[in-house]
Each structure stands twice: as structure tokens, then as C-alpha cells.
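Please model the complete structure; the sequences and the hints are all you need to start from.
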Amino acid sequence: VIKRIAPQAEIIDITHGIAPQHVLQGALVLAETLPYMPIGVHVAVVDPGVGGPRRPIALRGGDGRLYVGPDNGILLVAVERLGGIERIVELTNPSYRLEPVSPTFHGRDVFAPAAGHLLRGVSLEELGPPLRPSGLVTLELPRAQAEPGRIRATVLAVDRFGNLRLNIAGTELGRSEIECGDLVDIEIADRRSRARVALTFADVEPGEMLLYEDSSGSLSLAVNRGSAARTLSAVVGQEIAVDRERR
Amino acid sequence: VIKRIAPQAEIIDITHGIAPQHVLQGALVLAETLPYMPIGVHVAVVDPGVGGPRRPIALRGGDGRLYVGPDNGILLVAVERLGGIERIVELTNPSYRLEPVSPTFHGRDVFAPAAGHLLRGVSLEELGPPLRPSGLVTLELPRAQAEPGRIRATVLAVDRFGNLRLNIAGTELGRSEIECGDLVDIEIADRRSRARVALTFADVEPGEMLLYEDSSGSLSLAVNRGSAARTLSAVVGQEIAVDRERR
Amino acid sequence: VIKRIAPQAEIIDITHGIAPQHVLQGALVLAETLPYMPIGVHVAVVDPGVGGPRRPIALRGGDGRLYVGPDNGILLVAVERLGGIERIVELTNPSYRLEPVSPTFHGRDVFAPAAGHLLRGVSLEELGPPLRPSGLVTLELPRAQAEPGRIRATVLAVDRFGNLRLNIAGTELGRSEIECGDLVDIEIADRRSRARVALTFADVEPGEMLLYEDSSGSLSLAVNRGSAARTLSAVVGQEIAVDRERR
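Chains as they are written, first to last, in this note's numbering: chain A, 1 to 247; chain B, 1001 to 1247; chain C, 2001 to 2247.
Honestly, I wouldn't trust all of these hints.
[As the list claims (entries may be wrong)] One-sided excerpt, in silico: chain C residues whose CB lies under 7 Å from chain B:
hint, residue
1, TYR2036
2, PRO2038
3, VAL2041
4, PHE2161
5, THR2200
6, ALA2202
7, ASP2214
8, SER2215
9, ARG2225
[To be verified] Only pairs whose alpha carbons sit at most 30 Å apart, straight line, appear in this in silico DSS-like list of lysine-lysine:
hint, chain 1, residue 1, chain 2, residue 2
10, A, LYS3, B, LYS1003
11, A, LYS3, C, LYS2003
12, B, LYS1003, C, LYS2003
Worth flagging that the hints you see were computed from the coordinates, not collected in a lab.
Ideal Cβ positions, reconstructed from N, Cα and C, are used throughout, including at glycine.
Set out below in C-alpha cells:
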């Protein structure tokens, strides 16, 4: 759809692997990926509310990036990290949609056409009327806690290696007084395991679990040459307890 | 292979996710996708008969699109919807193959090279001798029935969200006198469920099943924020009964 | 990351489907694929040793291709088949990395940047100091045996069709005196089956197993319109015995 409207467009597919309906995972992947991407028109669609009252939007960020997607929070984690919102519109102009719009596939009929028209030079303002940023839907990120000797967090994502990303930054380790080299007890649902705090996979033995700061800056759990998701039977959304073993 | 022959080619990968050997699914995805794609050379390979007597073909459609693939029906659903066949040839010219041709991978050795040569301007007629359209293999689409109060259909495809596409157009709902808002009983194998006829996911509660006209115009079953395939343990090819509940 | 450094780069994604940590599978896919690819900068990252002492490298092959990846053997099967090593360097120059380098994601911070800089014309020699080829890590390929009436081999890869690639070339069939059309007994773990030696899927009945030379020149096992992996419950790394039935 984009290439028919803007034949010169170059399309980079970040992922089609977001878990169905997992808006938060989509928002986080977008926020972690965009700093490494060229400035462009960025389309993100995880859209369980398609066809309902949620609004389709496009916006320009403070760093010149353009964003297109549903108003369900998927865009805003990235936008806020990358300079905030400069201008935002609701995608209502039928000239820039594929009509008739399917009630279940706005990725094809609303979001991709908007991106295509932006890429061929249509201004954001032509796509629809302006919205106030204060009226946008935002995601509630699950809270994590770090206090001396313990961390309570939530599994935000599981990648294809079975690594578990937690909703807490590696920099919060300081607050927990848990240090590199420490052993920690992991509890998730009714499964328990033990992990070592480490910098990288190679710091632990094959088959050993490690707690580390991943490439996005978040704490993650992995098993060297194995799968933490399988070892712990863990899935996205589960709460996890990390407690330092007595030294 | 295409880029070595036609370095300027731009390649759009519609999908590598067709179920193995599922020629009909490939044919339908192609037919539903092409109307949204730029005019080009379209290669489709689901090829359980590779190495056997099935012929490799290329054809020009009435709207100027070029198609390359096996003569097993995969191309024809799309071609018939998009202007019919203008000219068709069998891919026999060894100059436009990778020799020696592997008996198991014509995608690499026959179809991709043909597409590459077409893209760099070789005429269809040079690829091999003409064939008569009447001799082509066609797919038998499973039949569906709609009569007052009931629909009998087949699951044509399951997507990664667990939505089930049926082999019956949304426009056939009229014949069944089943209307938006109605509750229907679903039976598939020995599993039963209840669904609401709706326009879009947001019209039903989370966890509720809906019967709707999907973005390709077919009737589909889905569970809002869930998976109809999992709820019904359904797979491609199963027959499904839809009966309106007494009002 | 590559497109930010070298916006004109065209990227071809061979696969993101290598089994986690399976360096040998990555090396073989690269070696089988490159002969069909344009000359370019080829990045391969299956990197269980990331963050440890394994070195990041780039090299120029005898046919002009450039390679980037970890020094764990993943590049060398391809390089050796395609003209050998002309020059090799260790990726130590911080100007051509993304700093700070994550200890767990060198694909993003070390290998992709090196590829991007090579694509925009930076010379291999600028990326770091030269290494001697004799010091590189090489993979040990599992050994296979063919003798009259029997073959002993290992499953190197399972594709999404459930076809099993063995670590033995089709040309070794001669040594086993097993011929096209023969019936063979297959034993893998404690599962047994029977297969027919054939040229292609269409040579056997649907549901029948065949032993054939696949499109990479290796012997493979498949089930026509089925899955040999499922029939034999086979996974990568298992040993397999093939014995000719008495005629």
C-alpha cells in the first residue's frame, strides 16, 4: 500500500513479531529501536481496538520524526523519549485513506496510506484536524520496586531466545544493592530458580541463569545457551521476585 | 537470485508463512494481496509437485501484471480476479534457468531466474513456448452453503492471531438471513461455541467470539483479544456449521 | 544501524531463523546461500559467546566478498568454499562501533556498524589490526560414513517443512552402493522408518519418506506432503543410520 502511493519509499520492517494485542510490547520495541533508525515516517500498529472509538493519529516529534498509528499509547513511549510531540492530528481526511475502510484492518486502509502520503510530501496538517496532546491515550507501565536485597518486577517481553525482559532499568540495581557476581533467587508464579548477576552470557556456565542489563538498558533474565522462558515457564505479564542470597 | 540477474529490482516479500503444501492458501493470499500491490512481476511458489510433471509457467494478465509460478492453480485465483490471462508460456528455455536445475528447489533455479529476466526486460515469449489457458491446472475451492438460519463452510486459513477465515463471502450473510447483532452457534469437529455477528472486534466484549466480514471480504471467526483457533481447536480445512440461535 | 551509516545500502535478509546458538547451522546456511547472492558485505551473527573473549572480525575473501561476524567459525565454511581468505582484521577501532558497546548485542553495536562503514567505502584495514588466518576459530563438522549398504550421518538442520538435512553429500551415495529406487531402513534415536531413495518428492507417494539429494547437494530425508521431522521425532544433532534393505 505504501509503495503504490510513494513508489520511492524505502521500507524497513522492524518486526512483525509483537505478541497479538500486546500494545505495551509494541510501544517498548518502538522506543528501543527508533534511536538506532534513520529519521523517517514510523508506522506502528498493534490495534486491538480497531473499528471501535479509538482514534487513528499521526504526529510530528521534536526531532523531526513522523509517527502514524492508533491512539492507544503505542507511539508515545518512543515520542516522549525522543523529543516529545510537536504537532498531532487525527486521521480523518478520506482523501488519504483507502475507501471503503475495512472495520478490521486499519493498518492497510488508514495507517499505511497516511504514511505513504506523508512520504510523498503531504503535510501532516492535511491529514486531519489537530488534537491536543493532553487528550491522548497513554499506557500504564507496570511498576517495579527495588529495595535493599530485593527487586519486584514484571516480565515485559520474551524474545525468541527465551530471554525475559523485566520492567526495570539496569541502573536500578544500585538501589537494590545487588551487585555483579551476586547469586539471586528468582521466583515467578510457583517456579523457583537461581541466577547470577553478570555482565554477559559468557560470564556464566552453559545452562546457568544470569540477571543482566540487556542491550536496551533493562534488566533481563537469560540462560546461557538455553532459555529462561522455558526454564521458568514464564510468559509476558508475570510478576517476578528477585532476592539476593545471603552471602 | 533475482538481484543477481536484475540488480535494480525492488523485492517485496508478501509472506513466507503459507502452510507447507497449502496451494489453496497461497492462491488466496495472492489474490487478496495483489489488488493492493504495485503492478510488477509476481512470483508465487507453493510447490508440492516440484520435480514431477507439473509445468513451470509465466503469464501476463489483462492488467499488465506478470506472474511466475508452478502450474498447480496458485496463480489463477488472482489472475482471474484481475483481468484474466492475456498470454501464458511454459518455462522451458534453459538460458533463463540456473543450470543444473535442482529437482527439489525450482523457486531458486526456475522461478526466481524467470522473474529476474522479466524484470530486466526479457519478453515473456522468450522464456518458453505458449500454452493454452484451457490446459492449466485449476484449484477446486471447497463449497459453502448459506440458507435461511444456517451456513456451512470450511476454514480456509488461520492467521497468527488465531482468526479463522471461512470460504464464504460476507455478502452471503444476506442469503442466510443472519444479521449483525445476532447470536449464532458454532460447531466445528466436536467443539461448540457461541458467537455474535458483528462489524468489528470492538463490538463484542473481550473474550467473546465474533463472526464478521474480514478485510478480504470473507466471513471470519475471531475472539476479541483472544484466539478463535485455540478456543475451537480449529485447523485449516475443517468444516464449520453456523446456526442462528432462536431469537 | 546499517542504513544510518550507509543510507544507500540495500539490505537482503537471508534469514533470522537460525536455531538459537546454532553456529554450525548458521555457517552452513551462509555457505549454501552466498553462491546465489550478489557480491557484497555479508554479515552473519550467531553469537553465543558475545561479551566473552571471542573476537569480532571482518575479512575479505578471494572473490571480493567482505564478511563481518564473530570469530567462532560462522564465516569460514562459506569463505573456504568461495576463494579463501585474502585479508582479515579484528574489529577494534572504536570509531567504527556504536559506543558504548552493549556486552550482549554486538550485532547492533559492532557488526552492523562495521558493515555500514565498509559499505560507505571505509577500507577493511581501518577497522582494526590484521589477524593471521591460522589463529581463527574453526568449526568441527560432525563426521559421516558411507560404506557398502550403509550410511551413518548426523541431522544438520530441520527446515520449516520438516525436511532433515544430513551432513553428507549426495555424491557419497555412490560409496554406499545405495541407488535411486532402493528402499532403506532409517533409524534415529529409537525411531525406525523406511524410505525410498529418489530424485524428488513427486517420485514417491504422498505420505512416503524419501532420501534425496537436496538443493544444496546434501542428502536429506523428507516425507512427501508431510514432515520427516514429525514422523521421526527428529531434531538437529541426532545421529541417523541408513541401511539398504535386502533386495
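Quick rundown of the hints versus the structure:
Satisfaction of the interface hint for C:TYR2036 is found here, the shortest Cβ-Cβ separation to chain B being roughly 5 Å, below the 7 Å cut-off. Using the Cβ-Cβ criterion of 7 Å, the hint placing C:PRO2038 at the interface with chain B is satisfied: the shortest such distance is roughly 5 Å. A hinted interface residue such as C:VAL2041 counts as satisfied when its beta carbon comes closer than 7 Å to some beta carbon of chain B; here the least separation is about 14 Å, so the hint is violated. Interface hint at C:PHE2161: satisfied, since its Cβ lies 5 Å from the closest Cβ of chain B, which is below the 7 Å cut-off.
Contact between C:THR2200 and chain B, as hinted, is supported at the beta carbon level, the nearest pair being about 3 Å apart and thus within 7 Å. Interface restraint check for C:ALA2202: the shortest CB-CB distance to chain B comes to about 3 Å, inside 7 Å, so the restraint holds. Interface restraint check: C:ASP2214 against chain B, minimum CB-CB distance 6 Å, threshold 7 Å, status holds. Residue-level restraint check for C:SER2215 holds (minimum Cβ-Cβ distance to chain B is 3 Å; threshold 7 Å).
Taking 7 Å as the C-beta contact cut-off toward chain B, the hint placing C:ARG2225 at the interface holds, the least distance being around 5 Å. Pair hint A:LYS3 plus B:LYS1003 holds up; C-alpha atoms about 19 Å apart against a cutoff of 30 Å. A distance of roughly 19 Å separates the Cα atoms of A:LYS3 and C:LYS2003; the hinted pair therefore holds under the 30 Å criterion. Between B:LYS1003 and C:LYS2003 the alpha-carbon distance is near 19 Å, which keeps this suggested pair within the 30 Å criterion.
Consistency with the previously given hints fails for number 3 only.
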